[in-house]
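S.K.: Order-wise, the sequence lines are chains Y and A.
For the first sequence, position 289 (counting from the first letter as 1) is numbered 289 according to this note's numbering, and the numbering increases by one without interruption.
For the second sequence, position 179 (counting from the first letter as 1) is numbered 179 according to this note's numbering, and the numbering increases by one without interruption.
Don't take each hint at face value.
No farther apart than 30 angstroms at their CA atoms in a straight line, the calculated lysine-lysine pairs in the BS3-like style are these [what the hints assert, rightly or not]:
no.	chain 1	residue 1	chain 2	residue 2
1	A	Lys350	A	Lys137
2	A	Lys327	A	Lys305
3	A	Lys484	Y	Lys28
4	A	Lys137	Y	Lys96
5	A	Lys450	Y	Lys28
6	A	Lys254	Y	Lys96
7	A	Lys190	A	Lys165
8	Y	Lys28	A	Lys540
9	A	Lys165	A	Lys113
10	A	Lys450	A	Lys328
11	A	Lys305	A	Lys233
12	A	Lys265	A	Lys328
13	A	Lys484	A	Lys137
14	A	Lys540	A	Lys433
15	A	Lys489	A	Lys450
Just a sample of chain A residues kept apart from chain Y, beta carbon distances all over 10 angstroms, derived [stated by the list, open to error]:
no.	residue
16	Ala173
17	Pro257
18	Asp503
FYI, nobody ran anything at the bench for these hints, they're computed from the structure.
Note that beta-carbon positions come from the ideal geometry of N, C-alpha and C, so glycine has one too.
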Amino acid sequence: MITFLSRRIAAAIPILIGVSIVVFITIKIIPGDPIASLLGPTSTPEARSELTARLGLNRALPIQYFSWIGHTVRGDLGNSIAKQTAVRPLVFDAFKNTLILTLFAAILAFAAGLLLGAIAALRRGKISAAISNAISLFSISVPQYSIALLLIIYLATGTGWFPSAGMYNAIGGGGWGDLFAHIVLPGISAALVPAGIIARMFRSVVIDVMSMDFIDSMRARGLSERKILWHAFHNTMPTLLTIAGLQLGYLLGGVIFVETIFAWPGLGLLVYQSITQRDLPVIQAGVIVSALAFVLINLIVDALHATIDPRVRA
Amino acid sequence: MPNERPAPTALPVAESSSAPSSPRRRPSRRNFLAGVGGVSLASVLAACTPGAKSTSGSGGGAKANILVIAMTASDIPLLDTGLAQNQGYEGLRFVANQLFDGLTKFDLKQGEKIPPVIPGLALSWTANAAATVWTFKLRPNVKFTDGTPWNADAAIFNFNRYINKSAPEFYPALNAAAGLTISSLKSSKKIDDMTIEVTTNGPLAYLPSNLTTVYFASPTAVKAEGNEGFGAKPVGTGPFTFVSMTRGQQLVLKANPDYWGGAPKVEQVILRPIPDPTARIAALRSGQVNWAEVPPPDDVPTLTKDGFQVLTNSYDHVWPWVINGQKKPFTDVRVRQAMNYAINREALIKNVLQGTADPEFQAAARANAAYREENNLYSYDPAKAKSLLAAAGLPNGFSTTLSYPTSGSGNMVPTPMNEALQQDLAAVGIKVKLQPVEWASMLTDYFVGKIPGNADMINISLSMQQEGFWNTWFGAGSGPNVGKYNNPKVQALFTQAAATLDDTKRSDLYAQAVKYITEDAPWVFIVDDRNPRVLAANVKGFIEPKSWFADLTTLSVS
Chain Y
1 MITFLSRRIA AAIPILIGVS IVVFITIKII PGDPIASLLG PTSTPEARSE
51 LTARLGLNRA LPIQYFSWIG HTVRGDLGNS IAKQTAVRPL VFDAFKNTLI
101 LTLFAAILAF AAGLLLGAIA ALRRGKISAA ISNAISLFSI SVPQYSIALL
151 LIIYLATGTG WFPSAGMYNA IGGGGWGDLF AHIVLPGISA ALVPAGIIAR
201 MFRSVVIDVM SMDFIDSMRA RGLSERKILW HAFHNTMPTL LTIAGLQLGY
251 LLGGVIFVET IFAWPGLGLL VYQSITQRDL PVIQAGVIVS ALAFVLINLI
301 VDALHATIDP RVRA
Chain A
1 MPNERPAPTA LPVAESSSAP SSPRRRPSRR NFLAGVGGVS LASVLAACTP
51 GAKSTSGSGG GAKANILVIA MTASDIPLLD TGLAQNQGYE GLRFVANQLF
101 DGLTKFDLKQ GEKIPPVIPG LALSWTANAA ATVWTFKLRP NVKFTDGTPW
151 NADAAIFNFN RYINKSAPEF YPALNAAAGL TISSLKSSKK IDDMTIEVTT
201 NGPLAYLPSN LTTVYFASPT AVKAEGNEGF GAKPVGTGPF TFVSMTRGQQ
251 LVLKANPDYW GGAPKVEQVI LRPIPDPTAR IAALRSGQVN WAEVPPPDDV
301 PTLTKDGFQV LTNSYDHVWP WVINGQKKPF TDVRVRQAMN YAINREALIK
351 NVLQGTADPE FQAAARANAA YREENNLYSY DPAKAKSLLA AAGLPNGFST
401 TLSYPTSGSG NMVPTPMNEA LQQDLAAVGI KVKLQPVEWA SMLTDYFVGK
451 IPGNADMINI SLSMQQEGFW NTWFGAGSGP NVGKYNNPKV QALFTQAAAT
501 LDDTKRSDLY AQAVKYITED APWVFIVDDR NPRVLAANVK GFIEPKSWFA
551 DLTTLSVS
């Protein structure tokens, strides 16, 4: 098991380096520079060239990259150009907020996805299955952006049940209740697509498993329905785990739209802002942290997978 | 923002080969469902129940005398004097002007006239005849909120921080951020404890206006925290003091009861960055904030109907198309004028902007001192546009390209606006191809004097808030003059104005320049924004000034 995990960790390192190179090159290729957006249209050319030199942005690109990665390896993520503050607390605070939203959305997505998937698989031919199928298809196809706005219109500004933006109230905010009220609408918006995907996947897995020979043989041996179902559920676990890992990863990276609409102070919003300001240190750190989280989640999934199914360890 | 949803998944959603169903299995399915479903349903329901009390109806802001502002900025501005401009004028409006003061300030307590420059931390000032050496008498009995006295030493310390490269307190980032405002300041020196002298590089008759945005920080606090650290614990003399900040979420300021200009009526001001316009209005409607900047124009009628205060006023803002005058056919002034006659500004304002802008028929905005009614040269006259085009040898019109930003500070709602103008111009035979450009990349090109994508024209919103901007936008050799406009008569008037101390005479000189610029039509003059903002009904006593800035001391929340 340990060799298996260390092999997987070693394999993650080139992935992270690759990601950082792609991000670096992309930001350098696209037009726009951070000095322009930081200093605004009223700045003088001298001030701009001075700041460019001070930030080391006039050095050759490979030197800029290696200097950045050298610091990053030592845990120094540098300073934000636009916010003039250390990147590390900025990115980690935002990541923590994204993680809260992601986990909440993941719980919603799994609860809804498993329920819909199970109904669709076990009640085939019934109206309830058709409805489940329709709901899961709808949730995959509907644009997140429109659903988020509809939720705001009807559940925030219309009824006033939920706040429409941010993580805590401006006045007297804080605490779990306040956080919960703020997380419901973005959580639902973010959970929609993964819920639909999980439902579709779970449906086909359950149908597969229920048609396997061992179900019939167990039944022939007179096992109770409860026991049979338990065995069937156990057999869906490896696939469920894989879906879980991937969907959690997608949620982490994909909540950017939701964070923007609901002004949720997460990593997606931070990276999105930083892209418009060409704030490379923040973009790099944000993407690396996201990539690292994605790799870690998959690592955990693989480890669990290996525990359940020893064949994977080979 | 793109509204496509992200690719949902890479996983194939496989339909399994369906197994023949047998009646035997029915009970098993039900049990399975009961198991999985019970758990899922319970958690879904639990999650969907509205938690705690949310900010419904009146909202938390209504109960206390606290103003909560939804800014358009994507983040809390930097809290160190001029660095607040990292979120544009909004940073100066809500942070720098509230925590700090300048030697001078704009009179924002009225909304009828263009805000005159009035004493701030200086009581009075005089200049030599050449407008190069200025003496400021400082306001006595003022203290920074940490108790440090305001005097000549404090003033010089701050000038050193801005401009004196050999002083230990010099802060390069601040120098860069203050840009044009301080670029012509040469030096400052102490005359006596309450008098300082400021020298400029050349005649600078409008120095008092520029100094409204040169802010003074407590020297004690800067020395204690260092230049970089000061922004985390800012201390000034302003109407509000710093309480706390959660980066990306909110900034809390509280009233300074000892403010020399009179204590604010409101207890606290909380700033929240909400860049998405729809989200800002949603936050206002759901009671999370009681002040929202720049609503989408389409929301204005319903907001008014629902009892919100939609406030607008002219300010020094223009929203033009800047024409590259070196390209054919724009080298012919008749072509540029034809474009100014071909567009229906009133229809644009009525249909797209819901009255949140004024039509512009000359080079000066309505809230600019150089605005003169008689300089309104253009009107909506397609027939005249056609005859001008015919006279220029283009009876059938021509094709051209326009670069425009898809978003960005002050750019209003660029896509529908430009599409409306495109239709007007097509009606006289001018076919405009619209090229959307992302704001950050547009700025980069713009600064080095380029129009993105090598288009013939660029749409960009510009400020006239500082007199120096006349030369920035229209001066020969100025980088951001991307249209390469050059009129020696205009240039001479700018130079003369910079040395004319009398405010009225100086604005007359600019008005003459405006007359020439309007006739030359280096831009298509389109609209002046009216700076719309929406306040909840319970915010009382705010006066919308003709300015980029705002005075928050007169208002209260009941």
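S.K.: Could you work out which of the previously given hints the structure breaks and list their numbers from low to high?
M.R.: Going through the list in order, the structure violates hints 1, 2, 4, 8, 9, 11, 12, 13, 14, 16 and respects the others.
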